[in-house]
Every structure is written in structure tokens, then in C-alpha cells.
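Now for the letters of each chain:
Number of protein chains: 2
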Amino acid sequence: MSETQMPTARTRVVREADRGVYDRETVHRILDEGFLCHAGFVVNGQPFVIPTSYGRKDASLYIHGSAASRMLRQMKEGISVCITVTLLDGLVLARSVFNHSMNYRSVVILGKATLVDDPKEKLAALRILSEHILPGRWDDARQPNERELKQTSVLRVPIEEFSAKVRVGPPIDDEEDYSLPTWAGVVPLEMVAGKPIDDARLLPGIESPEYSRHYTRKR
Amino acid sequence: MSETQMPTARTRVVREADRGVYDRETVHRILDEGFLCHAGFVVNGQPFVIPTSYGRKDASLYIHGSAASRMLRQMKEGISVCITVTLLDGLVLARSVFNHSMNYRSVVILGKATLVDDPKEKLAALRILSEHILPGRWDDARQPNERELKQTSVLRVPIEEFSAKVRVGPPIDDEEDYSLPTWAGVVPLEMVAGKPIDDARLLPGIESPEYSRHYTRKR
Numbered sequence: 001m002s003e004t005q006m007p008t009a010r011t012r013v014v015r016e017a018d019r020g021v022y023d024r025e026t027v028h029r030i031l032d033e034g035f036l037c038h039a040g041f042v043v044n045g046q047p048f049v050i051p052t053s054y055g056r057k058d059a060s061l062y063i064h065g066s067a068a069s070r071m072l073r074q075m076k077e078g079i080s081v082c083i084t085v086t087l088l089d090g091l092v093l094a095r096s097v098f099n100h101s102m103n104y105r106s107v108v109i110l111g112k113a114t115l116v117d118d119p120k121e122k123l124a125a126l127r128i129l130s131e132h133i134l135p136g137r138w139d140d141a142r143q144p145n146e147r148e149l150k151q152t153s154v155l156r157v158p159i160e161e162f163s164a165k166v167r168v169g170p171p172i173d174d175e176e177d178y179s180l181p182t183w184a185g186v187v188p189l190e191m192v193a194g195k196p197i198d199d200a201r202l203l204p205g206i207e208s209p210e211y212s213r214h215y216t217r218k219r
Numbered sequence: 001m002s003e004t005q006m007p008t009a010r011t012r013v014v015r016e017a018d019r020g021v022y023d024r025e026t027v028h029r030i031l032d033e034g035f036l037c038h039a040g041f042v043v044n045g046q047p048f049v050i051p052t053s054y055g056r057k058d059a060s061l062y063i064h065g066s067a068a069s070r071m072l073r074q075m076k077e078g079i080s081v082c083i084t085v086t087l088l089d090g091l092v093l094a095r096s097v098f099n100h101s102m103n104y105r106s107v108v109i110l111g112k113a114t115l116v117d118d119p120k121e122k123l124a125a126l127r128i129l130s131e132h133i134l135p136g137r138w139d140d141a142r143q144p145n146e147r148e149l150k151q152t153s154v155l156r157v158p159i160e161e162f163s164a165k166v167r168v169g170p171p172i173d174d175e176e177d178y179s180l181p182t183w184a185g186v187v188p189l190e191m192v193a194g195k196p197i198d199d200a201r202l203l204p205g206i207e208s209p210e211y212s213r214h215y216t217r218k219r
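So the sequences go chain by chain: V and A. Each step along the first sequence adds one to the number in our numbering, with nothing skipped, and position 69 is 69. Each step along the second sequence adds one to the number in our numbering, with nothing skipped, and position 79 is 79.
Hints are all accurate, no fakes.
Same chains, same label: a pair holds when it works inside one copy or across any pair of copies.
Straight-line alpha carbon distances no greater than 25 Å define the calculated SDA-like cross-link-like pairs of lysine to any residue that follow:
| # | residue 1 | residue 2 |
| --- | --- | --- |
| 1 | Lys-195 | His-132 |
| 2 | Lys-150 | Val-13 |
| 3 | Lys-150 | Thr-114 |
| 4 | Lys-112 | Gln-46 |
| 5 | Lys-195 | Asn-99 |
| 6 | Lys-150 | Arg-167 |
| 7 | Lys-195 | Tyr-215 |
| 8 | Lys-57 | Gln-151 |
| 9 | Lys-120 | Ser-96 |
Calculated directly from the structure, the hints in this document are not laboratory data. Nothing here was measured: the structure is a model prediction, and the numbers come from that model.
My request is simple: use the sequences and hints to build the entire structure.
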């Protein structure tokens, strides 16, 4: 599917269409700031939505099969999924209840998820996942052995059919409401990392690495 | 559906089954700390997952129809949905890549979403939604007029078929890995509110309300 076809009828933003964004650069930026997605799939007509971590490289998104075992059981050659990533940036308080909103950046990807079978490719995908969440960790930790690799399943979802939705800025009130004596504005929200908690069984003298002490998604 | 039937075959946690939680109290506590859900539904066999805010009262979860217009178009008497709420509490860094994990609390609700049609019930549901996200705001803001109420659609999802999944605590490593000179532990993550940003068109002397200055989901 070529870039110029975005959005498709399925990914076109319907509500608040002015918030729709369809360029790959914006979509990749949102995907790279997040690391938790909600993966949707269908079993016997019933939708399931499962939270799981992901990694991105180029136009591929990788998720653990482990988080999608219900989905994996029935897939042989790809299953239709929807991968949604949402970054919440703030509560938008307008003067009217009706105009309350949120600031957020979200991405929706539609596609077929396929199993990454080849062991080399699977190892590479797991490294992408790990480095996406916590750059530097892969080389510090004991890497997967053959048994662990076999136990792990990884899915690839192509980033081909997608859209983003972005809201930024202050509340937008109806003109006549601006005279109301009501506070209006934005309460910013951010995912913040706290001080790393040492495991109780650390060997003496082992200090928390830099990447765990200043963890942030903003790059 | 009676409580004692939880989990159903559809909501039983398959992977890491020891993390499955099925009591209503835990589920309500998670739902009440969150306010953003991912709503999954199916159109022509394709799953869609849309982020949207929600409110809860008793065994009812309410979402804006506005965020689900694609879904609403085709629903007359209820549509199968999956509502998933995820609270992320930390990155869990084990000594092996394989045992890396996250601390989180998530809820999955399966059910039929139905339109709240009655204007009084709709207004009550909107109040529940508003107060769920920001207690105190409803009375401060201009409340919905008739025109706005008509423009707004609200869905009710019964909290009847559900499960929660919870992981807390330190990494669990393979016994032989505890001798590795690798740091292990938890990087706590939390959604934190910043200082409220005044709207540029505030009337003179209007100060940000208490509920906007100390916003937290922990209660």
C-alpha cells in the first residue's frame, strides 16, 4: 500500500476530522514515544483488546506473542488486528461541560499480524522490542537462550494502513461562554518515572544504570 | 450473569494465569483509578480499538458515543465490545531479558454496549463521566443544554463479564541468574499532573480551582 493512499476508508478519522493526521513521520514519532499498545483482535465475532508492549523498526511494529495467546492459538497465516497507541497529554477544561476534552496523541494501525518464525529474525525483533522500551538494557541483561527463544512468540504488524489523531492546546469554548466566571485551561498529564527500586537480591556493589535513573520517553 | 460465574471461558486469563483476578471490588478499584479506556469493536470482521474516557457507577460503565462514531453508525440494539483499562505502574528489569516484565493493573470487560437514549438518563451519565474524571468540575462548568445533549451520544456497557490482571513487585529471575553482576529492579511509572495552564481568555481574578491544582488518581 503506498503512502499516498492514506487515509483509507477504514482509517479516516470520522469524529473531529480536523484532528486526523496521516503522515508517517508523525505516526512514527508517536509510536516511538510510547511503548504500550492496545491490540485488538476478533474471536468468534467477539472483540478482545489486550495491553502489551511493542517495539518499532522502520515500517514494522513488533509485539510479544505472550500477551496475545488467545489470538495466537487461531492464527496460522495472519490475523486481522488493530493496534492502538495513546499518549495522554492533559485534561482540557472548558467553560462548558460540552467542550471539555483531552489533549492526546494516538495512532491506529490496521493490518494482519504474522508470527515471526525464523529464530534469527525473532531474536532481532526481541532486541528491537527491548531497545524500544529501555535503550541500553539488552546488552546489560542476559540475552535469551535457545529454550527461551522457543517459548517466546513474536508478532509483526506492518505499519501500512494507519492514522493518527492529535489534540493540542487550550479549550475552545463557544463564543458566548467566554464571559462566564469559570476557570478554564489545561491540566497537563505526563507519565513520569520514579527512583529505581533495587531488587532485594542484588550482588554487593551493583548500582542502578544511568538508563534506569533518568527514564523518560521524550527524546 | 452472577458474580460466581467469573471468569467465563472468554475472560479467563490464559497467559500468566496466576495474575488473573476476578473479584468485582478489585475491578472497580482499577476502573476508578483510571479514566481512559480502549474500546474494541468489530466492523466487517475488522477490529477497531479507540481510546476514550469513561465513567463508572455501580455495575455500569459509560463512554461518550463521540469517540465511537464508527461503531454507533451500525448499532441499533447493542454491539459487542471489549473495554480495556490499563494502569501502568513500572518497568520490571530482570537479570535476563526473558524475565523482563511490567507492573500493571488491567481490566477487560466484554459485553454489549447500548445507547443511552432517555435525556434524563443521558444527563446523569454525562455527570458520572465528568465526575469520574474530575470530581467537582460538573458544578463549576456550564452544564449541557438541550442542543448539546442531542448532539452527544452516550453508551452504557454493563460490568458483568470481566477479568483483571495484576502484576506487582520485583523481578522474578531464574535461580541461576541471581549470581549475575547485573542490576535488577523496578523503575516505577506514574501518570502525574503538572501545574494547571490558565486559558488566555480567563476573566480577571479567576483562579484555578483546587481540583485542578492537585489532580491525582490515587484516592
